[in-house]
Amino acid sequence: MSERKMVCIGAVAGAHGVRGNVRIKPFTDVPEDVAAYGPVSDAGGARAFDLTLVGESGGTVIARLTGIEDRDAAEALRGLRLHVPRERLPAPEEDEFYHADLIGLRVVDSEGCAAGTVHALYDFGAGDLIEIRRPSRPPVLLPFTRAAVPEIDLSAGEVTVDAAHLAEADAAPAAADDL
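To get our numbering, take the position in the sequence shown, counting from 1, and add 41.
Don't take every hint at face value.
To be verified - DEER-style ranges, computed between Cβ atoms:
no., residue 1, residue 2, range
1, Arg45, Thr93, 18 to 26 Å
2, Asp111, Glu152, 58 to 66 Å
3, Val95, Asp211, 44 to 52 Å
4, Glu192, Ala77, 28 to 36 Å
5, Ser98, Leu146, 31 to 39 Å
6, Ser98, Cys49, 15 to 23 Å
Read the hints as simulated data drawn from the structure, not as lab findings.
Glycine included, every Cβ here is placed at the ideal spot set by N, Cα and C.
Let the hints inform the model, and build the full structure from the sequences given.
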């Protein structure tokens with residue numbers, strides 16, 4: 042039986058009011074879409090909630106989660122990441138990808154050499170980064186741009202990274218040590 046791929050669509054930022062509403066930081070393009078894909082759960086699926094939108098406030102959405110009836114219960118969920126099964130999400134547009142679809146893919150460089158696997162993607166505000174784990178070398182972070190990651194072939198389960206970007210990333214720690 043294959044493991045169900047879950048996608049994080051938001052995180053509980055804290056309580057809103059005294060009646061159990063929560064503030065959710067959405068990770069969806071359209072903030073209100075956190076309620077569009079059916080029930081949400083924690084990463085492992087142990088806790089599931091129906092989610093009803095109540096409103097918006099300062100970059101977060103306000104929602105009710107089933108079973109959360111007061112401020113203390115809502116506050117206890119702070120930091121909880123909310124997930125839905127991948128199959129509930131719409132197909133991405135051309136040249137767009139869900140991070141969850143890339144995690145675990147093989148990575149090769151532009152010269153065809155094996156370079157590792159995709160471990161994670163990060164958004165620190167200045168642009169996405171892709172983390173590549175390698176068997177006998179430290180992990181490396183590359184910008185998730187077309188220049189650094191020229192090709193993604195989901196059907197082949199493979200991501201191609203630019204060999205020059207990979208070499209530059211490998212050289213960066215050594216250069217910092219020389220200072």
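Right, here's what the structure says about each hint:
no.: 1; hint: Arg45 with Thr93: 18 to 26 Å; result: holds (24 Å)
no.: 2; hint: Asp111 with Glu152: 58 to 66 Å; result: holds (59 Å)
no.: 3; hint: Val95 with Asp211: 44 to 52 Å; result: holds (49 Å)
no.: 4; hint: Glu192 with Ala77: 28 to 36 Å; result: holds (31 Å)
no.: 5; hint: Ser98 with Leu146: 31 to 39 Å; result: holds (37 Å)
no.: 6; hint: Ser98 with Cys49: 15 to 23 Å; result: holds (21 Å)
This entry satisfies every hint, going by the numbered hints stated previously.
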